[in-house]
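With the hints as extra help, turn the sequences into a complete structure.
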Amino acid sequence: MLDAPTTAFDGFAAALPERQGSFAERGCAMPFTAPLLGGARLRRSPLGRAEVILPALSGRGFYVLDWSACLLHCAPSLHDRRLWLLVCDQENPTPALVRAAAREVARQGYAGRGAQSAADAALRQQDQVRDGVRAALGKRFAGVPGAAGILGAMVAVLAQAGVGPGHLGNAAAAALPQALVALEAFAASLVVWAEMASTPQARRAAAVAQGAARMTLPAADAALEALWQEVEDLPARLAREELRPDHALQRLVELAARPDWLLDGWPTICALWAAAGPSGRQAALTEVVAMLPIPPKEADVWPGPRVDWDTLMRARRVVAPAGGGGGGGLVQLVQRNETLRGLAP
Amino acid sequence: MSLLGGQARQLRVALQQAPDHAVGRVVAMLDGLNDRGAADAVLDSVRPRLRRLQPPRPLRLPRLLFLPVEGALVEARDWRPGNPYVPRSAIAPIAALLARDMPALAEEIEAAALGHTLANRALVSQLGGLLWPAAGAGLRFAIPPNWAASGLPPEAAEPILALCCGLWRHAVALWQARSAAEEGPPEPLVRAALAPLALEGNGPLTAGMTLLLRSATQPAQVAAVAATLSNIMSPLVERELTALLVADAAAVAEAETAREMADTAGRLGRRLADMECTGTATQREERRRQAVTLRRDTSQACHQHLAQAVVKTLLLPAVRAAAGPPAADETVLALEIAARDLRQLEVAGRRLGHEAAFDRTLRDALQQLHRLAQAPGGLGRIELARLAEILAGPEAGCALLADTGRPA
Chain A
1 MLDAPTTAFD GFAAALPERQ GSFAERGCAM PFTAPLLGGA RLRRSPLGRA EVILPALSGR
61 GFYVLDWSAC LLHCAPSLHD RRLWLLVCDQ ENPTPALVRA AAREVARQGY AGRGAQSAAD
121 AALRQQDQVR DGVRAALGKR FAGVPGAAGI LGAMVAVLAQ AGVGPGHLGN AAAAALPQAL
181 VALEAFAASL VVWAEMASTP QARRAAAVAQ GAARMTLPAA DAALEALWQE VEDLPARLAR
241 EELRPDHALQ RLVELAARPD WLLDGWPTIC ALWAAAGPSG RQAALTEVVA MLPIPPKEAD
301 VWPGPRVDWD TLMRARRVVA PAGGGGGGGL VQLVQRNETL RGLAP
Chain B
1 MSLLGGQARQ LRVALQQAPD HAVGRVVAML DGLNDRGAAD AVLDSVRPRL RRLQPPRPLR
61 LPRLLFLPVE GALVEARDWR PGNPYVPRSA IAPIAALLAR DMPALAEEIE AAALGHTLAN
121 RALVSQLGGL LWPAAGAGLR FAIPPNWAAS GLPPEAAEPI LALCCGLWRH AVALWQARSA
181 AEEGPPEPLV RAALAPLALE GNGPLTAGMT LLLRSATQPA QVAAVAATLS NIMSPLVERE
241 LTALLVADAA AVAEAETARE MADTAGRLGR RLADMECTGT ATQREERRRQ AVTLRRDTSQ
301 ACHQHLAQAV VKTLLLPAVR AAAGPPAADE TVLALEIAAR DLRQLEVAGR RLGHEAAFDR
361 TLRDALQQLH RLAQAPGGLG RIELARLAEI LAGPEAGCAL LADTGRPA
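Chain order of the listed sequences is A and B.
Mapped onto our numbering, the consecutive letters of the first sequence carry residue numbers 1 to 345.
Mapped onto our numbering, the consecutive letters of the second sequence carry residue numbers 1 to 408.
Take the hints with a grain of salt, since some may be wrong.
[Unchecked claim] Not the full set, but computed from the structure, chain A residues with beta-carbon under 10 Å of chain B:
1) 80
2) 108
3) 109
4) 113
5) 117
6) 193
7) 196
8) 198
9) 202
10) 279
11) 331
[What the hints assert, rightly or not] Covered stretches of chain B (in silico footprint by chain A; criterion: 3 or more residues with CB under 8 Å from a CB of chain A, positions within the stretch not fixed):
12) 116 to 123
13) 338 to 348
14) 394 to 404
[Stated by the list, open to error] To list a few chain B residues with every Cβ distance to chain A over 10 Å, as calculated:
15) 102
16) 184
17) 195
18) 385
19) 386
By construction, these hints were calculated from the structure, which means they are not laboratory data.
The structure presented is a predicted model; accordingly, all values stated were derived computationally and were not measured.
Backbone N, C-alpha and C fix where the C-beta goes; we use that ideal spot for every residue, glycine too.
Right, here's the structure in full:
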């Protein structure tokens with residue numbers, strides 16, 4: 001997010017609640033590279049139009065823009081325009097769809113060679129995970145009535161989440177468990193940084209970001225565990241005919257989406273922090289605080305410990321808003337954001 | 001390790017002739033020497049260039065101690081008795097005096113600073129917060145050990161130490177303002193830094209003001225605060241502001257690369273804008289008059305450099321890459337770095353003037369990229385579109401893709 005003439009955005013301010021009701025209302029994190037589109041999310045409006053939600057420049061509230069307004073006011077990069085083309089027609093945009101589209105755009109070279117190589121590597125790794133999941137499920141569901149018909153779809157559903165620790169053999173780690181590890185490392189790094197922070201304001205910002213990470217971790221962890229447990233239990237339930245295969249698949253789709261939604265937006269934040277280096281971390285933290293992925297109320301009924309997001313949001317309100325997009329001019333910020341695409345493909 | 005006379009001479013010549021990228025390595029080697037006197041003598045010959053290049057310097061006790069004093073530092077040959085300056089040759093003896101009088105603190109600082117550079121701003125603030133107030137309050141007036149090596153008379157020690165102590169006593173606030181230089185620094189920080197220095201006397205106030213002016217993006221705001229704190233400051237700050245602008249313009253002219261010229265021209269542009277809108281009507285008028293010439297000369301220099309560099313660093317290498325096999329990552333990366341540097345130079349130069357000339361040069365460069373995109377070869381269309389985007393914005397990238405039948 002970058003400071004810009006406030007008047008350009010004034011007309012797009014929307015009275016959205018700070019904490020939305022559902023993930024669909026909150027929208028999917030869009031890894032755009034244009035600085036003015038930092039922290040953007042894509043969602044469908046109640047009328048079915050694709051729209052972009054941006055955190056307000058003041059640090060409080062949101063702007064809601066359609067793509068033509070983004071083109072006019074936010075200078076989307078070639079990468080962003082291509083990514084938008086791939087996802088704007090999705091009826092129900094999800095983090096998985098956006099991730100796949102973003103990887104494809106990066107693979108085509110729109111974010112530079114670094115992001116291109118990272119996307120290639122991520123796609124190769126995804127294929128390895130898929131093979132590992134296929135082998136694990138094949139073994140687990142061998143001879144289970146009705147399982148053969150949904151096995152291929154189950155592999156696709158579990159390709160990002162895996163099937164639990166130790167089940168993939170030598171296959172690479174799946175994307176979501178990896179994102180959890182990165183989030184854990186981010187939270188730990190914040191603790192160390194906060195001890196060295198020179199101002200109370202910086203320490204407060206670190207505490208807010210760390211709090212959000214620490215509150216997300218157990219929820220995402222529980223969501224992954226619930227998914228893996230379901231996969232574990234499924235052969236027996238299918239064998240006992242407690243569930244029809246199509247219902248079982250639907251249940252897996254829903255459970256696999258939960259950790260993805262909970263972690264949506266965090267990989268970019270972790271990459272932003274990692275890329276900042278010691279001297280840029282205070283500025284990076286201001287950006288991070290403005291784009292923290294606060295889960296909507298929908299997540300409150302999901303398994304996992306109950307956490308008090310309202311207190312965290314109150315604490316965030318007293319942290320100074322992001323003003324300069326992490327410092328540097330537009331050209332450097334685009335380059336920085338392309339680097340993030342390489343770190344979080 | 002120390003330097004023999006012949007080695008020092010050789011190093012001085014090597015440093016003067018070294019390209020920018022090599023200067024950092026030589027400076028790092030010199031920073032590792034025990035004999036600071038010899039190292040400083042070698043570095044003196046390239047100090048203006050060091051200010052420009054800002055290679056990472058190791059965080060050491062003497063360097064940390066004298067950070068808030070930088071505004072008063074002069075070469076030993078420029079120091080005169082009675083002048084409110086601190087000759088660089090006094091740094092090592094005064095740091096030795098501190099280490100002798102406050103050994104525990106000196107050891108603590110040395111240990112904590114080990115392996116860090118001045119780029120670690122949080123650590124600089126943290127350790128400075130320990131060191132400076134203690135030095136300001138606790139350093140006794142005495143002839144520092146090995147003072148003779150500074151080449152200064154014994155009677156010079158006391159006024160120099162008094163000036164340093166005056167700055168150290170208020171260095172935490174001064175450094176806080178200095179650290180916020182990119183944001184102005186904001187007026188409340190400037191006032192909090194300079195007001196206590198004014199009570200110490202004109203020497204510390206001038207040194208503090210100079211330190212802030214040199215790094216400020218809004219130096220006129222610093223000058224305005226300083227002028228309210230002492231009657232004698234008004235003419236002095238105007239002189240300092242003029243000197244600052246002249247030095248900035250010289251740095252633009254001396255810049256050897258597009259990036260360096262963009263940085264220096266950008267800084268000059270921000271400072272000119274600040275100075276033209278701050279101060280009394282008479283001051284603003286006088287500054288605007290000075291600014292006209294500076295803007296004209298520096299924007300012309302920027303455009304000339306851009307016109308040459310766009311061919312040399314972007315178009316010719318792009319033509320070569322397009323004519324060959326699929327370009328290696330390093331080749332594409334180098335082209336994109338060149339395009340970014342050129343874009344920054346164009347933005348910074350355009351703000352100073354000669355807009356039409358910049359437009360013309362960009363248009364010509366984009367035409368060349370469009371021509372290459374018709375038969376892309378070693379560089380793909382998307383890569384060429386990215387070069388156009390970096391150079392002139394996303395619309396230029398879209399236009400190139402559309403021109404080749406593949407809209408973004």
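Each hint tested on the structure:
Here the hint on residue 80 (chain A) is kept, as its CB sits about 8 Å from the closest CB of chain B, short of 10 Å. Taken as an interface hint, residue 108 (chain A) checks out: its beta carbon lies about 6 Å from the nearest beta carbon of chain B, inside 10 Å. Checking residue 109 (chain A) against chain B by beta carbon gives a least distance of about 5 Å; that is within 10 Å, so the hint holds. Interface restraint check for residue 113 (chain A): the shortest CB-CB distance to chain B comes to about 5 Å, inside 10 Å, so the restraint holds.
Hint status for residue 117 (chain A) relative to chain B: holds, with the closest Cβ pair at about 7 Å, below 10 Å. Among the interface hints, the one on residue 193 (chain A) holds; its C-beta lies about 9 Å from the nearest C-beta in chain B, closer than the 10 Å criterion. A cut of 10 Å between beta carbons decides the hint on residue 196 (chain A): the least distance to chain B is about 5 Å, and the hint holds. Given hint, residue 198 (chain A) at the interface with chain B, holds; its Cβ is 5 Å from that chain's nearest Cβ, closer than 10 Å.
Checking residue 202 (chain A) against chain B: minimum C-beta separation of about 9 Å stays under 10 Å; hint holds. Below 10 Å, beta-carbon pairs count as interface contacts, and residue 279 (chain A) has one with chain B at about 6 Å; its hint therefore holds. Residue-level restraint check for residue 331 (chain A) holds (minimum Cβ-Cβ distance to chain B is 5 Å; threshold 10 Å). Given a C-beta distance limit of less than 8 Å, the hint that chain A covers the stretch 116 to 123 of chain B holds, as 5 residues qualify and 3 suffice.
Evaluation of the coverage hint for the stretch 338 to 348 of chain B: fulfilled, as 4 residues show C-beta separations to chain A shorter than 8 Å, against a requirement of three. Coverage of the stretch 394 to 404 of chain B by chain A holds in this model, with 4 residues showing a Cβ closer than 8 Å to a Cβ of that chain against a need of three. Look at residue 102 (chain B): its CB is around 23 Å from the nearest CB on chain A, clear of 10 Å, so calling it non-interface holds up. Remark: the non-interface label on residue 184 (chain B) is consistent with the geometry, its nearest Cβ contact in chain A lying 13 Å away (cut-off 10 Å).
Listed as a non-interface residue, residue 195 (chain B) keeps its Cβ farther than 10 Å from every Cβ of chain A; the least gap is roughly 21 Å. Look at residue 385 (chain B): its CB is around 6 Å from the nearest CB on chain A, not clear of 10 Å, so calling it non-interface is violated. Listed as outside the interface, residue 386 (chain B) is inconsistent with that label: its C-beta sits roughly 7 Å from the nearest C-beta of chain A, within the 10 Å cut-off.
Hints 18 and 19 from the earlier list are contradicted by this structure; the remaining hints agree with it.
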